[in-house]
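Chemist: Sequence:
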Amino acid sequence: MNDPTVTVGEEHPLTSSSQEELHKMEETTTTTTTTTTTTTTNEKTIGSDQQRENIDDTNDNDKKKVNDNENKEAIFQITDDNDDDDKSISSKSSRSSDSDSDSDDNKSEIRPAGNHPLQSSQLDVSAYSNDQQQWSQQENSLLDDQGQPNMAGSLSTTPTQERQVQLDSDTSHTKGFYNAGDLSEIIDLQVEGQLPEWLTGEHYTVGPGTYDVRYMRKIEIDGYLQSATSTFSFGHWFDALPLVNRFDLNGKRNTITYRNRLTSRRLIEKIRDHHGYAARHPAGLFKTDSNQTIFTKFLKSAPKTTKPDGEPCAARILAGIPGVDGRLFAQNHANHIQELDPFDLKPTRVLCWDEINPAFRGYSSCPNGQYDAQTGEYINFTMEIGYQSTSYNFFSISEREPKGKIIASVTAPTGYVHSFSLTPKYIVLVVFPLLANSGAVKYAWNESVLDSFSFYPNEPTLFYVISREKGQHLVTYRSDACFGFNHVNAYEDGRDNINVDIVCYRDDTIAHQLTTRSLRNPADMKPSRLAPSEVRCYVLSSIDEETISFMANNSMFPTTTSITSRISSMWGYVRGSAPQETNDVESSAGPSTAAAGWYATLPVASYGKLAQPSIELPQVNPLYKMHNYKYLYGLGFSAASSIGDGTVWDAIVKVDVETKTVVASWHEENCYPSEALFIPRPAQDANDELREDDGVLISIVMDSARATSFLLVLDASSLEVIAKSELGMLVPISFGRGSYKLRN
53 MNDPTVTVGE EHPLTSSSQE ELHKMEETTT TTTTTTTTTT TNEKTIGSDQ QRENIDDTND
113 NDKKKVNDNE NKEAIFQITD DNDDDDKSIS SKSSRSSDSD SDSDDNKSEI RPAGNHPLQS
173 SQLDVSAYSN DQQQWSQQEN SLLDDQGQPN MAGSLSTTPT QERQVQLDSD TSHTKGFYNA
233 GDLSEIIDLQ VEGQLPEWLT GEHYTVGPGT YDVRYMRKIE IDGYLQSATS TFSFGHWFDA
293 LPLVNRFDLN GKRNTITYRN RLTSRRLIEK IRDHHGYAAR HPAGLFKTDS NQTIFTKFLK
353 SAPKTTKPDG EPCAARILAG IPGVDGRLFA QNHANHIQEL DPFDLKPTRV LCWDEINPAF
413 RGYSSCPNGQ YDAQTGEYIN FTMEIGYQST SYNFFSISER EPKGKIIASV TAPTGYVHSF
473 SLTPKYIVLV VFPLLANSGA VKYAWNESVL DSFSFYPNEP TLFYVISREK GQHLVTYRSD
533 ACFGFNHVNA YEDGRDNINV DIVCYRDDTI AHQLTTRSLR NPADMKPSRL APSEVRCYVL
593 SSIDEETISF MANNSMFPTT TSITSRISSM WGYVRGSAPQ ETNDVESSAG PSTAAAGWYA
653 TLPVASYGKL AQPSIELPQV NPLYKMHNYK YLYGLGFSAA SSIGDGTVWD AIVKVDVETK
713 TVVASWHEEN CYPSEALFIP RPAQDANDEL REDDGVLISI VMDSARATSF LLVLDASSLE
773 VIAKSELGML VPISFGRGSY KLRN
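Residue numbers for the sequence shown follow this note's numbering, so the first one is 53 and each next one is one higher.
No lab work stands behind these hints, which were simulated from the structure alone.
Some hints here could point you the wrong way.
As the list claims (entries may be wrong) - Once the Cα atoms are required to be at most 20 Å apart in a straight line, the calculated EDC-like pairs of lysine to aspartate or glutamate come out as:
no.: 1; residue 1: 455; residue 2: 424
no.: 2; residue 1: 677; residue 2: 424
no.: 3; residue 1: 455; residue 2: 406
no.: 4; residue 1: 304; residue 2: 767
no.: 5; residue 1: 682; residue 2: 710
no.: 6; residue 1: 304; residue 2: 737
no.: 7; residue 1: 522; residue 2: 598
no.: 8; residue 1: 793; residue 2: 451
no.: 9; residue 1: 227; residue 2: 778
no.: 10; residue 1: 661; residue 2: 586
no.: 11; residue 1: 677; residue 2: 544
no.: 12; residue 1: 677; residue 2: 521
no.: 13; residue 1: 522; residue 2: 597
no.: 14; residue 1: 793; residue 2: 393
no.: 15; residue 1: 776; residue 2: 720
no.: 16; residue 1: 661; residue 2: 532
no.: 17; residue 1: 712; residue 2: 744
no.: 18; residue 1: 227; residue 2: 697
no.: 19; residue 1: 522; residue 2: 424
no.: 20; residue 1: 776; residue 2: 721
no.: 21; residue 1: 682; residue 2: 545
no.: 22; residue 1: 776; residue 2: 244
no.: 23; residue 1: 661; residue 2: 559
no.: 24; residue 1: 682; residue 2: 767
no.: 25; residue 1: 522; residue 2: 596
no.: 26; residue 1: 578; residue 2: 559
no.: 27; residue 1: 227; residue 2: 721
no.: 28; residue 1: 455; residue 2: 377
no.: 29; residue 1: 661; residue 2: 545
no.: 30; residue 1: 304; residue 2: 249
no.: 31; residue 1: 682; residue 2: 708
As the list claims (entries may be wrong) - Derived CB-CB ranges, DEER-like:
no.: 32; residue 1: 245; residue 2: 603; range: 53 to 61 Å
no.: 33; residue 1: 737; residue 2: 246; range: 22 to 30 Å
no.: 34; residue 1: 428; residue 2: 741; range: 20 to 28 Å
The C-beta atom is built at its ideal place from N, Cα and C for all residues, glycine as well.
Hey, can you work out the whole structure from these sequences and the hints?
Modeler: Here is the structure:
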């Protein structure tokens, strides 16, 4: 079977007139595995006419000529990603709607380029010149010796209606953590059931699409050069290169169309060329060995020169940002925003927040910004990383101020912050004691998060309260050490208190359990069961009173030793990276206890449990964001999986937070859902009374037994199945956050 060779772009994005030969890469690393496929070469030296072996190492007819430099053991080059001769074309003037090509209602209007910093009308498609062929067909490295998809490569994209479905004896979640293929065209899905008539619009998700990238290299054995196939693997669920999915739902016609795209093709080619991947920004990788020398960490290209598909943005996808219509925006932790065409999902550009407004400085950001529907503001922050502390710069973007404005900056420890909370009057930044070690030097040098952060169980979790109106940090609360990824909701109770609901873990064990190795080999998970979570409601009481007290205590010290700065610098002292001051109190219990003396002046954030079962990727009705609410949704465990070793979430649950009980759940045997996104039913008129659970949940579910995935639509009130559609391909399980956009 002859498969076409992968071609990404008309010219390789890393072409350079000069190259440097580095020392031979190590034969074995934690994330790079060398396959045993080798081909002996009769000559001890390789000439410029020698044929390069195909990635599969099975097709002699597909070999290509390479020059002397490509036959070296390891060739590494650093170039500017912004090639002068790259081509850009305008967006297509006519597009077919996914479900109703002749109806204007089924088309999202794209506004012409304007003055908005996020508005763009140009599309760089140099990496998509072979878009008529499916990426999975182009990618030989994802096929086995018989030319079929394998578990180290792409999973099948053949529609289930066209192939005989055979049940797999392996019904675990493991096959949901391998490479996926993408589609070159829109496909119509068969709908089982009936979509609600009001459910007409687009649903977007983002998640892992590429875990493994194969590349060719030359090795010397017994004086002879041989060709070998090696694999670079991303080491964590959060690190895999993204796959973006688009569903067009038409409730009136009861139709669903689907397309997807791998949005980092240029980066895949870069990994092949470099035999690895070195992140250029802090938080660029969560837990992956770059397979690169330390030299690469000092050679950063300017972020503004990055190609549209040159950065992985797989944590969150937004259907819009205030003031910008007709564009999608994918985000990551490393301060990147990837702009996508909402129809064909092609990346159009990638930028950083400081390109929108220079005041939004920082190399890291939060992938889960918050939207205030009342004010029309999108709120997020960037992180300016310092040796002993970090400045969290909170900003807002709105239609009134498309370039945005700084709300406030807070000096706090350099922590891993996956999300934050928002109320009508306040922003609440929660810094768990998973903090940058070595004075944040390793983090600043772009080491993986889990390699440059440590969890400090004897240190508190800190709650920074920021006034949106005054634009300043008011007070800091403290509570017991814990860890969390996702906030559920936050609201003011009318009695000068803030309730902040968070999915919490005892420590950072969960972050280490979600490595690619543990997810593919459950027996390797340590501990053997996924760390349980609990939903906590933290109460930050008497905000006004505590603010006065906090400010008074702050003013008792000189500026350089105020409580705010001491909180930040004390973390360096606790980690042994900051000198001890002469007036610090010695303690036989060690520096942690000495530090606790300073935290004792902070008010305590008390908490109670809202939900007993372990829940992740929480959801509430978005109309109840920043308000008191009753129902919480999320991924949970079925009865069988809750006691199993190495299992992941396999159910969708609904919790009544007032009674603290599970009131409904969905589970199908051998099925593993991704985020269940809540879409509320829109009101028909002013007299239409909506319940809090009036809407649907939508999730992409992997059916492990049949090695395929389906789109699931549940009634949010009962979690009964309303509709489902087979995708005809396996979509990897995702921890990313999706979005939707309804049409009238």
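Chemist: Next step is simple, just say for each hint if it's right about the structure.
Modeler: Right, here's what the structure says about each hint:
1. Between residue 455 and residue 424 the alpha-carbon distance is near 17 Å, which keeps this suggested pair within the 20 Å criterion.
2. With a CA separation close to 8 Å, the supplied pair residue 677 and residue 424 stays within the 20 Å bound.
3. For the hint pairing residue 455 with residue 406, the CA-to-CA distance comes to about 10 Å; that is within 20 Å, so the pair holds.
4. For the hint pairing residue 304 with residue 767, the CA-to-CA distance comes to about 17 Å; that is within 20 Å, so the pair holds.
5. Restraint check: the Cα-Cα separation between residue 682 and residue 710 comes to about 6 Å, which is no more than 20 Å; the hinted pair holds.
6. Pair hint residue 304 plus residue 737 holds up; C-alpha atoms about 18 Å apart against a cutoff of 20 Å.
7. The suggested pairing of residue 522 with residue 598 holds, with an alpha-carbon distance near 16 Å, which does not exceed 20 Å.
8. The straight-line distance between the Cα atoms of residue 793 and residue 451 is roughly 18 Å, inside the 20 Å bound, and the hint therefore holds.
9. For the proposed pair residue 227 and residue 778, the alpha carbon gap of about 17 Å is at most 20 Å, so the pair holds.
10. Between residue 661 and residue 586 the CA atoms are separated by roughly 7 Å; this keeps the pair inside 20 Å, and the hint holds.
11. At roughly 11 Å between alpha-carbon atoms, residue 677 and residue 544 fall within 20 Å of each other, so this suggested pair holds.
12. At most 20 Å may separate the alpha-carbon atoms for a hinted pair to count; residue 677 and residue 521 meet this at roughly 19 Å.
13. With a C-alpha separation of about 16 Å, the suggested pairing of residue 522 with residue 597 holds against the 20 Å cut-off.
14. At roughly 14 Å between alpha-carbon atoms, residue 793 and residue 393 fall within 20 Å of each other, so this suggested pair holds.
15. Restraint check for residue 776 and residue 720: the C-alpha separation of about 13 Å stays at or below 20 Å, so the hint holds.
16. Annotation: proposed proximity of residue 661 to residue 532 holds, straight-line Cα distance about 14 Å (limit 20 Å).
17. With a CA separation close to 17 Å, the supplied pair residue 712 and residue 744 stays within the 20 Å bound.
18. In summary, the hint linking residue 227 to residue 697 is supported, as the alpha carbons are separated by about 17 Å, within the 20 Å threshold.
19. For the proposed pair residue 522 and residue 424, the alpha carbon gap of about 17 Å is at most 20 Å, so the pair holds.
20. For the given pair, residue 776 sits about 16 Å from residue 721 by alpha-carbon distance, which is consistent with the 20 Å threshold.
21. With a C-alpha separation of about 14 Å, the suggested pairing of residue 682 with residue 545 holds against the 20 Å cut-off.
22. Annotation: proposed proximity of residue 776 to residue 244 holds, straight-line Cα distance about 5 Å (limit 20 Å).
23. As the CA atoms of residue 661 and residue 559 are separated by approximately 17 Å, the hinted pair is consistent with the 20 Å bound.
24. Taken as a hint, the residue 682 and residue 767 pair is honoured in the structure, with Cα atoms around 16 Å apart against an allowance of 20 Å.
25. Proposed proximity of residue 522 and residue 596 is supported: the alpha carbons are some 13 Å apart, at most 20 Å.
26. For the given pair, residue 578 sits about 14 Å from residue 559 by alpha-carbon distance, which is consistent with the 20 Å threshold.
27. Taken as a hint, the residue 227 and residue 721 pair is honoured in the structure, with Cα atoms around 15 Å apart against an allowance of 20 Å.
28. Distance check on the hinted pair: residue 455 and residue 377 sit about 15 Å apart at the alpha-carbon level, within 20 Å; holds.
29. For the given pair, residue 661 sits about 17 Å from residue 545 by alpha-carbon distance, which is consistent with the 20 Å threshold.
30. For the hint linking residue 304 to residue 249, the alpha-carbon distance of about 5 Å falls within 20 Å, and the restraint holds.
31. Pair hint residue 682 plus residue 708 holds up; C-alpha atoms about 6 Å apart against a cutoff of 20 Å.
32. At roughly 58 Å, the beta-carbon separation of residue 245 and residue 603 lies within the given 53 to 61 Å, and the hint holds.
33. For residue 737 and residue 246, the Cβ-Cβ distance of about 23 Å falls inside the hinted range of 22 to 30 Å, so the restraint holds.
34. For residue 428 and residue 741, the hinted distance range of 20 to 28 Å is satisfied, since their beta carbons lie about 25 Å from each other.
No hint from the list above goes unmet by this structure.
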